[in-house]
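Here the protein sequences line up with chains P and C, keeping their order. Numbering-wise, this note's numbering puts 79 at position 79 of the first sequence, and it's gapless, one number per residue. Position in the second sequence (from 1) plus 1000 gives the number in this note's numbering.
Hint data in this document are derived by calculation from the structure and do not stem from the laboratory. Quantities reported herein were computed from a predicted structural model and do not represent experimental measurements. Among the hints, a few may not be true.
Below, in silico cross-link-like pairs of lysine-lysine (DSSO-like), each with a Cα-Cα straight-line distance of 27 angstroms or less [as the list claims (entries may be wrong)]:
no., chain 1, residue 1, chain 2, residue 2
1, P, Lys55, C, Lys1371
2, P, Lys62, C, Lys1371
3, P, Lys62, C, Lys1528
4, C, Lys1296, P, Lys55
5, C, Lys1016, C, Lys1142
6, P, Lys80, P, Lys95
7, C, Lys1205, C, Lys1322
8, P, Lys66, C, Lys1494
9, P, Lys66, C, Lys1371
10, P, Lys55, C, Lys1142
11, P, Lys62, C, Lys1016
12, P, Lys74, C, Lys1016
13, C, Lys1205, P, Lys66
14, P, Lys62, C, Lys1347
15, C, Lys1178, P, Lys45
16, C, Lys1494, P, Lys62
17, C, Lys1494, C, Lys1371
18, P, Lys12, C, Lys1296
19, P, Lys55, P, Lys66
20, C, Lys1142, P, Lys62
21, P, Lys62, C, Lys1205
22, C, Lys1293, C, Lys1309
23, P, Lys18, C, Lys1178
24, C, Lys1142, P, Lys18
25, C, Lys1195, C, Lys1371
26, C, Lys1556, C, Lys1528
27, P, Lys95, P, Lys55
28, P, Lys45, C, Lys1309
29, P, Lys95, P, Lys18
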Amino acid sequence: MWAILSILVENKPGILFKVTHLFRSRNFNIDSISVGVTQNPEFSKMTITTIGDEKQIEQIVKQLDKMIDTIEVKRLDDKKTVFRELSLFRVKVSKPSDSMEINNIANSFGAKVHDARRDSIMVALTATPEQINNLQELLAPYEILDIARTGVAALQRGGD
Amino acid sequence: MEKISGARSLIKALEKQGVKEIFGLPGGANLPMYDELYKSNIRHILVRHEQSAAHMADGFGRVSRRAGVCFATSGPGATNIVTGLATANADSSPMVAITGQVPTAMIGRDAFQESDIIGIANPVVKYSFQPTKATDVPEVVKKGFYIAETGRPGAVLIDIPKDVQTNEAEIPFPEEVKIRGYHPWTDPDIVAIEKAIKLLLSSTKPVILAGGGVIISSAFAELQSLAEMLMIPVVSTFKGKGAFPENHTLSLGPIGMHGHAEANKIMSEADCVLAIGTRFSDRSVGRFDEFEKNLKIIHLDVDPAEIGKNQTTSVAIVGDVKASLRIFVKLLMQKAFKKTEENEWLKHVTEVKQYWRDNLKLHPGELTAAKILRKLREVMPAQSIVTTEVGQHQMWASLFYDVISPGTFFSSTGLGTMGWGFPAAIGAKAARPDLPVVDIAGDGSFNMTENSLATSVLDNLPVIVFLVNNYTLGMVAQWQRTFYDRRMIGVDQKQCPDYCKLAESYGAQGIRVGDLNELGQAIKAGLKSNVATVIDIPIDPEEDVLPFVAPGTSLKDMILPS
Ligand SMILES: Cc1ncc(C[n+]2csc(CCOP(=O)(O)OP(=O)(O)O)c2C)c(N)n1
Chain P
1 MWAILSILVE NKPGILFKVT HLFRSRNFNI DSISVGVTQN PEFSKMTITT
51 IGDEKQIEQI VKQLDKMIDT IEVKRLDDKK TVFRELSLFR VKVSKPSDSM
101 EINNIANSFG AKVHDARRDS IMVALTATPE QINNLQELLA PYEILDIART
151 GVAALQRGGD
Chain C
1001 MEKISGARSL IKALEKQGVK EIFGLPGGAN LPMYDELYKS NIRHILVRHE
1051 QSAAHMADGF GRVSRRAGVC FATSGPGATN IVTGLATANA DSSPMVAITG
1101 QVPTAMIGRD AFQESDIIGI ANPVVKYSFQ PTKATDVPEV VKKGFYIAET
1151 GRPGAVLIDI PKDVQTNEAE IPFPEEVKIR GYHPWTDPDI VAIEKAIKLL
1201 LSSTKPVILA GGGVIISSAF AELQSLAEML MIPVVSTFKG KGAFPENHTL
1251 SLGPIGMHGH AEANKIMSEA DCVLAIGTRF SDRSVGRFDE FEKNLKIIHL
1301 DVDPAEIGKN QTTSVAIVGD VKASLRIFVK LLMQKAFKKT EENEWLKHVT
1351 EVKQYWRDNL KLHPGELTAA KILRKLREVM PAQSIVTTEV GQHQMWASLF
1401 YDVISPGTFF SSTGLGTMGW GFPAAIGAKA ARPDLPVVDI AGDGSFNMTE
1451 NSLATSVLDN LPVIVFLVNN YTLGMVAQWQ RTFYDRRMIG VDQKQCPDYC
1501 KLAESYGAQG IRVGDLNELG QAIKAGLKSN VATVIDIPID PEEDVLPFVA
1551 PGTSLKDMIL PS
């Protein structure tokens, strides 16, 4: 099972180390991680996605909650949450027609094309990890030269 | 406001905290704090190895329930205390370790005696601090003690760079501190307790499992009231040994790998367990999946993360053990609950207990584990404090030394640290100089920290070392005999050193005994002595600890002496 955890922490040096170390020492898995400061500079928000069974995820949340530097730990319901990841792909252009095709694929995902060159194109997409995986699959035949993904940032929707 | 140094503020903050003794060893990076300690009334107890300073602080903390304090210098001094931090933390013992660090400008440059002790210790402490300004020191101390002593207690590390110690500033001493992400108190969960009572009363084979949490929160009277009101038999984890008087009719003793036969037997027959302040260690419950089969578990613990970590619970109660047990008792009284002295289950429990007390086959001979530990029990006053090392002697203590006065038995059960018991005993003696203290030791373990004899003698903290001497790393030897077809390697301790001469060379007394009568005399001599007494008790190196629940098996599959 895939879970999105939103963790509000003290914005102090060493906290990211402690959080990631907790995952390592308890034998939990980090699928993706993103961190940024919040509207209050005293706090940072980490979004961690992880994979595990129900019991494991419950235990991860409890262990994170127990950490003294965590202010709040929330497991987000993905149906009530906006979650996005930024990804960048550099894709090989082997023949002139590739350019057009890659552009078309990018457009169909709402992705942006940057840095178009004779032999490569960079495609940027902000979307759910699943959509990004789909894009990656379609780009793969052209040969992906390089890739960078940020990890998920997530926020609960308003209203409830 | 007057300007003072960070080191001065540290010692003042410790004084304000009520600290009376510090165990430690100085070096370049903590000299400023030692120089301030010189001017203070706080007693400094010099150790010969920093690991022992940490164990002494740990022993002090377990007995007094206030954080014990140790000092070490940077680099190797700091790394030497890591085992002590891990040991204290694994057993939820309150402790504050204060290390010196290279000056802030040198941090990260591989300076002489620099080690990233904050990074190294992170997984084995409850929390750590590295103040970067002298003005932060008192606040950090206050927070450190608060974290170490509250909720589920633990080890706190405060690493202070040398310039932070020497810099002078107008330094505030906060009266109160707030830690945003730390909420050690939860109100007792009355609804869950109601549910638990219902479940307990509706079960036919209930058992109480007392863990170390009962000892940590001193919930002895509450536990006893509850057990007696419900007339439910009490087993314990090894860490919970002595949470309930072991000479009580309802007491069955510790369960687990080396638990009592009767306790393991009754535990594996029970249909409902009220588990109090325990983390369900594999050493206690054996195979997790087997343990929870056909068993309804009510789990009461102060640490919410313990609920469901190792076992699936039917009812979870998060809260302070003492406060929650009080509510248990109160609710039962309101129900005008009538205890049942006579029922099938209790009759069965009593029979099983009697059977194993009468029929457990014991090793033959004059100085055997059972006999020497029963002799120790017979001679020691009831309220004596006991620490143990790690090995067979520890498990024999579990089996044959009954703790009568609750909360007087301490052992390294989480980490299982050889060499813990002796320094911890010295720390315990510092906390309770009025009580006799004995370390039940194995020769291998004692060999690891025996240089604390110097501290014991010179700092006038006399304890008895009850040396169960099989001239071998006995527990490992037992495993090699049992599981490795007698391929004995790395376990022979030969007859070296001579522990009596060793004790004498430190100005302590060493007594070697040849029979039970001499042993009785030696214990009495130790009780009267004003220096440490090492009682060297040679036993058969082939004596095994039995019963034994092999790793990865369940409690009902215990191996019994044949
Ligand atoms: C620091 C440390 N190293 C190794 C071990 C592994 N170990 C567990 S019991 C034991 C043997 C203990 O020997 P001794 O203290 O003589 O006690 P005995 O078993 O003979 O009673 C060893 C080596 C340990 N628990 N702690």
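How the hints compare with the structure:
no.: 1; hint: P/Lys55 / C/Lys1371; result: violated (46 angstroms)
no.: 2; hint: P/Lys62 / C/Lys1371; result: violated (46 angstroms)
no.: 3; hint: P/Lys62 / C/Lys1528; result: violated (50 angstroms)
no.: 4; hint: C/Lys1296 / P/Lys55; result: holds (18 angstroms)
no.: 5; hint: C/Lys1016 / C/Lys1142; result: holds (9 angstroms)
no.: 6; hint: P/Lys80 / P/Lys95; result: violated (44 angstroms)
no.: 7; hint: C/Lys1205 / C/Lys1322; result: holds (24 angstroms)
no.: 8; hint: P/Lys66 / C/Lys1494; result: violated (47 angstroms)
no.: 9; hint: P/Lys66 / C/Lys1371; result: violated (45 angstroms)
no.: 10; hint: P/Lys55 / C/Lys1142; result: violated (36 angstroms)
no.: 11; hint: P/Lys62 / C/Lys1016; result: violated (34 angstroms)
no.: 12; hint: P/Lys74 / C/Lys1016; result: violated (38 angstroms)
no.: 13; hint: C/Lys1205 / P/Lys66; result: violated (34 angstroms)
no.: 14; hint: P/Lys62 / C/Lys1347; result: violated (41 angstroms)
no.: 15; hint: C/Lys1178 / P/Lys45; result: holds (21 angstroms)
no.: 16; hint: C/Lys1494 / P/Lys62; result: violated (49 angstroms)
no.: 17; hint: C/Lys1494 / C/Lys1371; result: holds (24 angstroms)
no.: 18; hint: P/Lys12 / C/Lys1296; result: violated (43 angstroms)
no.: 19; hint: P/Lys55 / P/Lys66; result: holds (17 angstroms)
no.: 20; hint: C/Lys1142 / P/Lys62; result: holds (26 angstroms)
no.: 21; hint: P/Lys62 / C/Lys1205; result: violated (32 angstroms)
no.: 22; hint: C/Lys1293 / C/Lys1309; result: holds (16 angstroms)
no.: 23; hint: P/Lys18 / C/Lys1178; result: holds (21 angstroms)
no.: 24; hint: C/Lys1142 / P/Lys18; result: holds (22 angstroms)
no.: 25; hint: C/Lys1195 / C/Lys1371; result: violated (45 angstroms)
no.: 26; hint: C/Lys1556 / C/Lys1528; result: violated (44 angstroms)
no.: 27; hint: P/Lys95 / P/Lys55; result: violated (51 angstroms)
no.: 28; hint: P/Lys45 / C/Lys1309; result: holds (26 angstroms)
no.: 29; hint: P/Lys95 / P/Lys18; result: violated (48 angstroms)
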